[in-house]
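Residue numbers (the working numbering), protein chains in the order written: chain A, 162 to 276; chain B, 93 to 209.
Be a bit skeptical, because a hint or two may be false.
Unchecked claim - With a Cα cut of at most 30 Å, we get these calculated DSBU-like pairs of lysine-lysine:
#1 A:174 x B:162
#2 A:174 x B:148
#3 B:162 x B:148
#4 B:118 x B:162
What the hints contain is simulated information worked out from the structure, not anything from laboratory work.
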Amino acid sequence: KAGVTQTPRYLIKTRGQQVTLSCSPISGHRSVSWYQQTPGQGLQFLFEYFSETQRNKGNFPGRFSGRQFSNSRSEMNVSTLELGDSALYLCASSNEDRDPNTEAFFGQGTRLTVV
Amino acid sequence: SQQGEEDPQALSIQEGENATMNCSYKTSINNLQWYRQNSGRGLVHLILIRSNEREKHSGRLRVTLDTSKKSSSLLITASRAADTASYFCATDAGANAGGTSYGKLTFGQGTILTVHP
């Protein structure tokens, strides 16, 4: 069974640009969550999607957005990039709709550097 | 914001020794999960313990959960150099937090474990 796949693995962008990151969940998983990891703030929850609907959102500005497609693949977008957006962005999938006590499986992450 | 704290922040031991990491959290939980992260890569799931469980084992891993103290510990026995990584606890509030918990894990700051050969 293939794991969670995130693309691209590495990105370098300039301040003010926008970026789109992609996440393909484990087959059959309908819940996809996104996290930002930085040395200062640690792992912070961005948002969660289930069946193409955003069910939960963390405390991030509106520049951070996402969506989910009918095949459960998800994308997140960050507009008007700031230096502070440099981070490792992690995606996780789970089948919590079938079992609320189920683990989340993470991808390898996308390392975003804003210069 | 982080759910709680992990202790110690860093741990350095010799191969063959046991490593114990502690995690405290603040709110009611549905379950608590432990993850490992190697050098800024993805998180690898280690073990999940439900709120009604007190202890769980998986190979060389032993996890305890004390909901009255809102704390958990991860014990790695007979450590190996390959266990060198950062270890995170993460809590799932589940139904305790209603809709605000969907898909959300709240992580501690992590413990950096170094196992010397």
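| Can you name, in rising order, the numbers of the hints this structure does not satisfy? | 1 and 2
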